[in-house]
Amino acid sequence: MMDVKRIISKIEKDYILSNLKKEERIDNRGLWEYREFQINSDLIASAEGSADVSLGDTRIITGLKYDVGAPFPDLPDEGVCTVMAELLPIASPLFERGPPGEQSIELARVVDRGIRHADCVQTKKLCIKEKEAVYILFVDMYVINYAGNLIDAGGVSALTTLISAHIPEGIWNEEKHETEWTGKYFYGQDIVNELPFVLTYGKIEDIIFLDPSLPEELVCDGKISISVTENKITSIQKSGSATFSIDEIKMLGNKSLEFGKKLRKELNLLQYLAKTK
Amino acid sequence: MPLIIKDEYPEKLFRKDGKRLDGREINELRPIKMDVGVIKNADGSAYLEWGNNKIIAAVYGPREVHPHHLAKPDRGILRVFYRMATFSVFDRKRPAPGRREKEISMIIADCIEPLLFLELYPGTSFEVFIEVMDADGGTRCASTTVAALALADAGVPMKSLVSAVAVGKIDGKIIVDLSGIEDKAGDADLPIAITWYNEEISLLQFDGNMDLEEMNKFLDLAYEALKNIHQIQLDTLKSKYVKLQEETSNPNHKNDNKGE
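Line by line, the protein sequences are chains G and R. FYI, the numbering for the first sequence is 1 to 277, going by our numbering. FYI, the numbering for the second sequence is 1001 to 1260, going by our numbering.
Derived by calculation from the structure, the hints in this document are not laboratory data. One or more of the hints may lead you astray.
Said to hold, decoys possible - Using C-beta positions, here's what the derived DEER-type ranges look like:
1) Lys265/G / Glu1064/R: 55 to 61 Å
2) Asp1187/R / Asp119/G: 35 to 41 Å
3) Trp181/G / Lys1227/R: 18 to 24 Å
To be verified - Derived lysine to any residue pairs resembling SDA-like cross-links, with alpha carbons at most 20 Å apart:
4) Lys261/G / Phe209/G
5) Lys262/G / Ile39/G
6) Lys1033/R / Asn1228/R
7) Lys1238/R / Asp1035/R
8) Lys1040/R / Ile39/G
9) Lys1173/R / Asp1187/R
10) Lys1040/R / Asp112/G
11) Lys1102/R / Asp1207/R
12) Lys184/G / Phe1090/R
13) Lys1040/R / Arg97/G
14) Lys255/G / Leu218/G
15) Lys1040/R / Thr182/G
16) Lys1040/R / Ala45/G
17) Lys1040/R / Trp32/G
18) Lys1040/R / Glu36/G
19) Lys22/G / Trp32/G
20) Lys1040/R / Glu96/G
21) Lys1102/R / Ile207/G
22) Lys1033/R / Leu43/G
Claimed, not checked - Covered stretches of chain G, going by a simulated chain R footprint (3 or more residues, C-beta under 8 Å):
23) 64-78
24) 84-98
25) 145-158
Nothing here was measured: the structure is a model prediction, and the numbers come from that model. Each residue gets a CB set at the ideal place from its N, CA and C atoms; glycine is no exception.
Here chain R stands alone, though its shape is the one from the complex (with noise of 0.2 Å):
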C-alpha cells in the first residue's frame, strides 16, 4: 500500500516453454471449486474458488422491496450487489462501495435478469449479494457464475444457467481466463457470459484492440471453455441433491454405510 512496495508484474508473461506463468497452456482455466448451500441463513447460496479469487454469493427472496417506492405492481425485480472485502486486493480497498462496484452490480443484474420468470412474482424482489473475499483477475466472470449457483440453489424458477469467462490477449497470443497479473499487463481483456437455454451472448465487455479474426478466435475460445465451467457449475448443483437423497432416503447411512 505500501506506496513503496509497487505491485509489480514482470515484462514477460510466457515462459520459456511457452506455458503462462503460472503454468497454463493458453486456453486452460485456473482450478475451480464451487460449493452451494454454504450460508444457512439464505435462501439460496453458493461458495466459489476460481484460482486465488474467493467469492462468497447468496439470494434472499422473494421478499418484500426496501425502498417500496422500488416495487413493480406487474413484476418482481432482481436487484444484485458485488461487493469486495477491503482485503481482497493489494491496495486495501475502501470500505464503501466504488463506481466500479456499482457498475459491475449492473452488468451482472443485467446478465441474469433474462433467466428468471420475474413476471411471476409481482411487487417482490430478488437480492443477490455477492461479496468477494480474494481478488485475482476475474472476478465479475466468477462473481457471474457464482450468483447463477446461488440462484438455483435458492429454488429461483429459472430458464437455465449462465457461466462467465474472460478470454484476452497477451503478446499476441490469446488466452483464456486471465489472473490478475495477465489481466493487468495483457492488452486486451473481453469478459462474456453465456445463457444456456438459448446459447446466446449475455454478458459481454471488451477493452483493448481486436482484428476481426481475432475477435472470432476470441469468441470460439470462450465458448468452449465456458461449456467446461456450465459442466462444473451442474455437477455443484447435482451433488447436492444426491446427498440429500442419501441423507433422506437412509437417515443413518452415515453410520452404516462406513467403508462401502
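Chain G with its partners taken away, still in its complex shape (with noise of 0.2 Å):
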C-alpha cells in the first residue's frame, strides 16, 4: 500500500517547498513536466467508446454511452453531451463512499466545460431530427487510483473516450414518428472537432508548476487548471484558497498553449480513433 495521508506534516511540506524553491520535485521532475501519460481505449465491450488513462500513478477509466431524447427548447437541433465522475473508494483511503461530493463534481465540471466551450463535441451532428430526437451522450469518469491531478487526467481519458466513439447511427421515419437505427455506425472523427487538453497547475507561496502530485495537492493553497484548443484558451477554473497576480496568468495563459501543443503531439490522441467496420 502507499502512504497515503490526509494531512502531510509540517516538516514534508517544508521539504517539498524547499525542493520546489530549488526547482526539483519529490518525484525528480522539473517544475513545468507532466509525468508520464499511459492511455488505452476502447477496452470496454458494452460501451460506445472508453479509455483506460495514467498519469503517473493517477488512472481514471471512462466509458461513453448514448441514449435518444428529445432536445432542448433553446437548442432544437443539438444533442447533449454530458460529463459525470465517480471518485471510487477503491481509489484512495481519501474517498468515501456515498453520492457525489465537491471534488467529483469539480472534476466532471472542468472537463465537461473544457469540451463544451471547445467546439470539441459536434452538437449539431447529434441530431437525429429536429425539434423531436437527438443524441443524448454520457461520458462516465470512474477514478481507479488518486494519486493527484485527476483533472488533466479526466481531460485526456474523456477526450479519448468520445474519439474511440462508435455509435449505431439512427434517422428519423416521418410516418411512425420515432427513430430508426440504420444497422451501420458513426465514429469519433464524425462528431469530434477541436481537441481541447485541460492543465493543472498548482502554487506553494510564490512558486506554480504544472500537474501536481497528490503529495504536492496536498500541501498546495490552490490549483488553477486552464483549458486551451490549438490557440484559443476555452476555460479557466482556479480553486483552493492561492492567489494568482495578473502577470501570473499572463504567464500561465501563454505556457498552456505552449503545452497544449506538446501533449496535442506527443499523445497524439487521434490514433485512438474506432476502426471503421
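Fit chain to chain and form the complex, with the hints in mind.
What follows is the structure in C-alpha cells.
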C-alpha cells in the first residue's frame, strides 16, 4: 500500500517547498514537466467508446453510453454531451462511498466545460430530427487510483473516449414518428472537431508548477486549471485559497498554449479512433 | 438504450455442431485472467477478466469504522460494496446503487465472512469494494472470486480462498459458466461458491427449474469447474510472490538476466 495521508506534516511540507524553490520536485520532475501518460482505448465491450488513462499513478477509466431523447427547447437541433465523474472508494483511503461530493463534481464540471466551450463535440451532428430526437451522450469517468491531478487525466480520458466512439446511426421515420436504426455506425471523427487539453498548475507561496502529484496537491495553497485548444484558451478554473497575480495568469495562459501544443503532438490522440467497420 | 435497438438474443443457443454460441463445450469456462496488486493506494487489490467481464476489487482495512455505531466491540466487521459502472451494461445504468447491487453485496459478504478471523480485529472494519467495469453474465460469481483474491493480496489472514461459478440449463442441457446471452435466455441459473478450507458451499442461489437428478449434476459440474478457478487464483497469488522474491534477491535482475 502506498502511504496516503490526509494531512501532510510540516516537515514534509517544508521539504516539498524547499525543493520547489530549487526548481526540484520530490519525484525528480522539473517544474513544468508532466508525469508519464499511458493510454488504452476501447477496452470496455459494453460501452460505445472507452479509455483507460494513467497519469503517473493516477488512473481513470471512462466509458461512453448514449440515449435518444428530446432536445432542449432553446437548442432544437443539437444533441447533448454530459460528463460525470465518480471518485471510487477503491481509488484512495481519502475517498468515501456515497453520492458525488464537491471534488468529483468539480472534476466533472471542469472537464465538461473544457470540452463544451472548445467546439469539441459537434452537437449539431448528434441531431436525428429537429425538435424531436437527438443523441444524449454520457461520458462517465471512474477514478481507479488517486495520486493527484485528476483533472488533467480526466480531460485526456474523456477526450480519448469520445475519439474512440462508435455509435449506432439513427434516422427519423416521418410516418411512424420515431427513430429507426440503419445498422450502420458513426464514429469519433464524425463528432469530434477540436481537441481541448486541460492543464492544471499548483501554487505554493509564490511558486507555480505543472501537474501536482498527491503530496503536492495536499500541501499547495491552490490550483488553477486552464483548458486550451490549438490556439485559444477556452476555460479556466481557479480552486483553493491561493491567489494569482495578473502577470502570473498571463504567464500561465502563454505556457498552457505551449504545453497544449506539446501534449497534442506527443499523445497523438487521433490514433485512438475506432476502427471503422 | 436505445429503447429501439433491442438487446436481442438468438432463438437457438447451441450451434449445429453441438457447441455453444461462443464455441465452448458445455462444461468449458470462458478465458479467465487474474492479476493482483493493481491499485497502489489500496491495502490489497485484484483484477479479473472473465470472458467479457472486467472487474476490479480493492480492500481497505482493518480500519476505523464509519459510521462509528456499526463497530462491534468484540470483533471486526466485513463490508462488501458491489457496484457496476454506468457503461458496463447495454442500457446505461443509473449511477446510484440499486436494489440488485445491494443484495449482491450482501450475498458476497455472507459468502466471504466465514473465511476471515474477524474476532481478531475488534472495533475495526474490512471494506471490500468491487467495481464491475464491463459485465457479461456471471458478475456475482466473478466478483466473489476476485474479492477473495484482493483480500489475500491485502495479507488478511484467511482460512482459504473461495471460488464461485454459475451453472445453468439451456434447452435441457446443463452448462457451466453462463455468458450474458445464456444467462438471459436460459431456463435455469445456479451461482455457487465453495470455501476451500472445508470444501463447503458458501454462496448458493437458484432461479429456474430442475429435478433432483439435474440438481446433482449441477453440483458435480460446478465442483469440477471451481477446482480450475481455484487453481488460477492460487497461481496468480504465487506468481506475485515469485516476482517479489526475484526482485528482492537480485535487485538488478531486470538488467542482468536478459535472455536467460
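message: Output the indices of the hints that this structure fails to meet, ascending.
response: 1, 2, 3, 10, 14, 15, 16, 17, 21
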